[in-house]
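Colleague: Next come the chains, spelled out residue by residue.
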Amino acid sequence: MTKIDFVFPLANGLHARPASLLQEICLGFDAHVRFRNRRSRRRADAGSVLELVASGTAAGDPCVLEVSGPQEAKAARSLCEFLESGLLQADDGPPPASPPRETGWLPPVFRAGARKLLRGQGLSSGSGRGVVVPLKHPRSLPKNYAAGRKDAAEERRLFRSALEKAQGELRLQAAGAPDGVAAAVMKAHLSILCDPGFGRQVEDLITGENLAAGKAIARTAAAFSGALRRSPSAYMRERAGDLEDIAAQLGEKLFGPAKPKAPPSLRSPGVVVAAALSPSELLGLERRNLRGLILGQVGFTSHAAILARSLAIPAVSLPPAQLAGIAYGVEVIVDGRRGLAIVSPGTELKRYYRLEQPAAEMRRQRLARLTRRPATTRDKVRVEIAANIGTPAELAGAWRNAAEGIGLFRSEFLFLGREAPPSEEEQLAAYLQAARSAKGATVIVRTLDVGGDKTLPYLHLGREENPYLGFRAVRFYAEQSGLIRCQLRALLRAARLGRLKIMVPMVTTTEEVRLVRRLLTEAAGELRQRRVRHAPAVDLGIMVETPAAALSLDALGREADFFSIGSNDLLQYFLAVDRGNARLADLYDPLHPAFLRLLSQAAGQARRARRWLGLCGEMAGRVEYLPLLVGLGFNGLSMAPDLIPGIKARLGQLDGGECRALLRRCLRCAEAADVARRLREFNGRGSGAGVIAAELVRLGSKSRTPSEAIKELCSLLERSGRVENGMELEEAVWKREETYATDLGFGFALPHAKAAGVRQASIAFLRSGRPIRWSAAGTPVRCVLLIAVPERAQGEEHLKLIARLSRRLMHEEFRRRLLAAKDAAAVVSLVNGCLRSAL
Amino acid sequence: MKIVAVTACPTGIAHTYMAAERLQEAARQLGHSIQVETQGAMGIENELRADTIADADVAVFAADIAVQKRERFAGKKIVEVGVQEAIKRPEGVFAHLEK
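Protein chains in written order, with the working numbering: chain A, -7 to 831; chain B, -10 to 88.
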C-alpha cells in the first residue's frame, strides 16, 4: 500500500468540486483509494464524492490517501500530481458568498410603526409585501416503511428502480431549469443520487441489516447529513438539507407521492412561509404573485437561498420560535436586506417600503437596458465589452453581467490536473457549451497556453531556468502538433454552431502564426477525411503579449484576422518586472508613458492593417483607465464578468474626442505620476460636473416625513447606480442626522454623509408638495438636498463643489430659485451654475 | 472690529462652509472686517496667519468639534458658538462681541 500524506489546502474545505475531481482520478485506475482525515479521524472511499464531502475536511486538516491494488504506483503518481496542481485550482465551486453586512440599525420610522418586528438573517435582498401563505411540507418519508419484508433482493430492486426514476426526473428538471443557477442546483442533487457511496450504503443496509428500502434510504441520508452538519464549514452544513430533500424524492418514488402535491395558491400577492423549502418546491411556486419567502433554519448558501437570489425573490430566515408565531392570512413585509419580517405593518412603514420596492426592479431594468444596447461612449464610439472566463461554469455569470461576448476563454482547464490530454470529443463538448450559450455572440477561445511554470505531466516539456521566457504556449506547438491539431479540430467542429474565434498565445513572429494556420488547415483536412462536419473557416487571431508582437502588428496583420492585447504579460515583458514580485509592485505600472506609447503604436498599426483590436488584461476592467483605452481606439475590452456593468456605465459617460485629447496629453508625459495626475483630473472633472443629474431630482415629492424623504433620495441615488447600497447610505445619513438635525431654517434641509458604497460624489434633490416637519425645534422644510460622498474621497474636486454649493445655499436668492424651479432640468442647471461660478 | 473665525463640523462636508458664508455675510453687513478659516473634510483652508490673528480684536469659533491648532489663539479673546447658531443667527454671534 502507498500512503500519500498532505495538508488540505482549500479555504472552502473538501466540497463537491474538489471531491469530484479526486473521485475522477481514482476511478481512472484499477486501484482502491482510501481517504483519511487525521484530525476528524473520518474515513472515506475516495471514489465516492459523498463520502469525501461527508468527511468534513477543512483547510489545514492533515490528511492521507492510502492507495492499493494492481495500478497502485500509477494511481499514486497521478494523485500526487493532482494534489500539487489540480486540487489548488478546484476552489471555485461554491460561491464563497457571505451574507450582507447587518448592523441592526433601523431608520426612525421603525421605532413607531410595527406591530411585530421579527429579526433574522437576510437570504436574498429586496423587499416585498403580501399575505402569508403556508407551505405544508408535502414531502416527507411515510412513517410506515415496508418493514418486515424479508426479501432483500426485492428491496434492492425497488431501491434501484426508485433511484433510476429519481435520476431521470432530475436530469429532465436540470435541462428545463429556468436559469444556470437552478440547473447547477439540480445537477448537484443529481451527483448525490449518482454517487457510488450513497447507493452502496443503502444496499449494504438492505442486505446486511435486513432493512426495507425506505428505511435504508432514510438511515443513509441521515448518516451522511449528520456528518455534513458536523462539518466546520457553513457551506457543507447547508448541504445536509439537500440530502434530506433527495431522500424524500426517493421515498416518493418508492411509495408514490405522499399527498397529491398542491403548491399553495398564489392568486394574489403572497409571502410563502415554510420551515424548509426544497429547490423543486421553490420552482413549483407561482412566481408572478410571489412577493417573498420567510424560511426557517436555512443558510445563506443553501440551495433555496441561492435560487431565491437568482430569481430575485426577497427572502429571510427566522429562528423557529419566531417562524411559528406568524399567523396565516395576515399581511407581512419581507426585507431581505435587513433580514426582517414585519408582521401587520402600519401605514407609515408601508409608505416607507413603497419607496424602497422599485429600487431592485429599476436596477434590473437598468442592467437589461445595458444588455440590449451595444456599449458606446456618449458620442457613439463603439467598444464591445466582453468577459474573460476560465471554465464553462463562468458563462452564466458573464451573461448575467451583460457581457456582449466572451473576449477570452482560457482553454487550460481542459488540460490541467489530469494524466492524459482531453479527447477531441471532450473538448468539443466544452466549446459547444460556450458557443451555444453565447446565442450568436462572439466567443474567442485561446489555444493551449502552458509551459514554463504551468506544466502538464503528459507534455514532457522539461524544467525551465526562466519559465516566463521559456518553452511555452505557441513555442511548443510545432513539437506537440498532434495535441494542438486535436484542439483545433474540436474548435472547428464547435464553430459550426456558433461564432467561435481562435486566438494564439505568446506570439513573437509571423512564422508562428503561419504555423498555426498550417495546423488549422491540416485539422480541417483530417475532419474532411473523417467526414465530420465543421465550420469552413474560423477567424484566427493572436494574443499580443510580447513587445515584439506589439511593434509588428503591421506584418502580423497579414497573417492574423484580429488582435487582442494581453496587457498583464505585455506589461511585465515590456518593463522587465515580474508582476508577482511584491517588492516590484510600484514598478509594475500600466501608466508608464512608455507603455502608453507602445499601446498607441500598436493601435495605430492595427488600424492601418484594418484589423480588430481588443484588450483582455486586467487593465480592461479598471474604470479609471477607461478614458485612455477609449482614446487608444480599442474595438473591444474583455474583463472579469462582475466588472462589466461598471465599465459599461462609465463608457456611456465618456466622450471619444475628449478621451483622444487626454491620451495625446498623456503620451507627452515624462513619468507615470504625471499620467496618473492627468487621468485623475480628467476622471474628477468628468464626474464632478455631474454631481447632480435630472434623474436625481424629484419635484412634487409625496414624502411626509424625514424618514420618507431620506429614503426616497437614497433610492434615487441607488437607482442611478451612483450608490451601491442605498440602505447603507441611509444609515450613514441618519447617524449624521442624529448628532443634530440638518434643517437650515429656511425651509431647507441638507442631510449628508460619507459612506462606503458611494461610487461618485452626488447630490439628490427633492421638493415636497407639503411641508415636512424635520426637527422638533425647526421650521417646516420644503426642499431637501441630500449629499453623498465616497468614504475615501478621490481627490478634493467634489468636496470643493459641495462646499461651494453649501455656501451658495446661504443666499436667499439661490434658495428662492430652487423653490421656484419649474422642472428637474432647471434644478440641475441652477446647481451646476453655482458649482461653475467663482465665489 | 477686526474678527478672525474658525468653522468646523463633524463631517466637514457642508455645515463648516455654510457657517463660514453666514459669518462673512453678517460681518459685512454689520461693518466688521472678518477672515474665516474652515476646518472641513478638505483639511484647513484659508488658514489664518499669525499676524492676522495677532491683529484681530476677537476670535470666533463656530465649531461642533475641537478646533485644530488652537494654540495659535492663546491669550486671545475667544467666543465659542455651535455651528448651527452661526448658520441660523449669525447676527446673534456678533451681538455677543459688542458686550
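No lab work stands behind these hints: they were computed from the structure.
Any given hint could be a false lead.
As the list claims (entries may be wrong) - Simulated DEER-style distance windows between Cβ atoms: (1) Gly81/B <-> Ala577/A: 30 to 40 angstroms; (2) Arg78/B <-> Ala3/A: 31 to 41 angstroms; (3) Gly81/B <-> Arg370/A: 46 to 56 angstroms.
As the list claims (entries may be wrong) - Taking lysine-lysine pairs in the DSBU-like style, the calculated list, with each CA pair at most 35 angstroms apart, reads: (4) Lys792/A <-> Lys65/B; (5) Lys77/B <-> Lys372/A; (6) Lys65/B <-> Lys157/A; (7) Lys792/A <-> Lys(-9)/B; (8) Lys792/A <-> Lys66/B; (9) Lys(-9)/B <-> Lys65/B; (10) Lys77/B <-> Lys814/A.
Think of the CB as a built atom: it goes at the ideal place given N, C-alpha and C, for glycine as much as any other residue.
Colleague: Each of the hints needs a verdict: does it hold here or not?
Modeller: Each hint, compared with the structure:
Taking the beta carbon of each, Gly81/B and Ala577/A are about 56 angstroms apart, not inside 30 to 40 angstroms as hinted. The given range of 31 to 41 angstroms is broken by Arg78/B and Ala3/A, whose C-beta atoms sit roughly 59 angstroms from each other. The hint said 46 to 56 angstroms for the Cβ distance between Gly81/B and Arg370/A, and at roughly 49 angstroms that hint holds. Taking the CA atoms of Lys792/A and Lys65/B, the gap is about 31 angstroms. The hint holds against a cut of 35 angstroms.
The suggested pairing of Lys77/B with Lys372/A is violated, with an alpha-carbon distance near 49 angstroms, which exceeds 35 angstroms. The straight-line distance between the Cα atoms of Lys65/B and Lys157/A is roughly 91 angstroms, outside the 35 angstroms bound, and the hint therefore fails. The hinted pair formed by Lys792/A and Lys(-9)/B meets the criterion: a straight-line CA distance of about 27 angstroms does not exceed 35 angstroms. Restraint check for Lys792/A and Lys66/B: satisfied, since their Cα atoms lie roughly 31 angstroms apart, inside the 35 angstroms limit.
For the given pair, Lys(-9)/B sits about 13 angstroms from Lys65/B by alpha-carbon distance, which is consistent with the 35 angstroms threshold. With a C-alpha separation of about 28 angstroms, the suggested pair Lys77/B and Lys814/A falls inside the 35 angstroms cut-off, and the hint holds.
In this structure, the hints that do not hold are numbers 1, 2, 5 and 6, in rising order.
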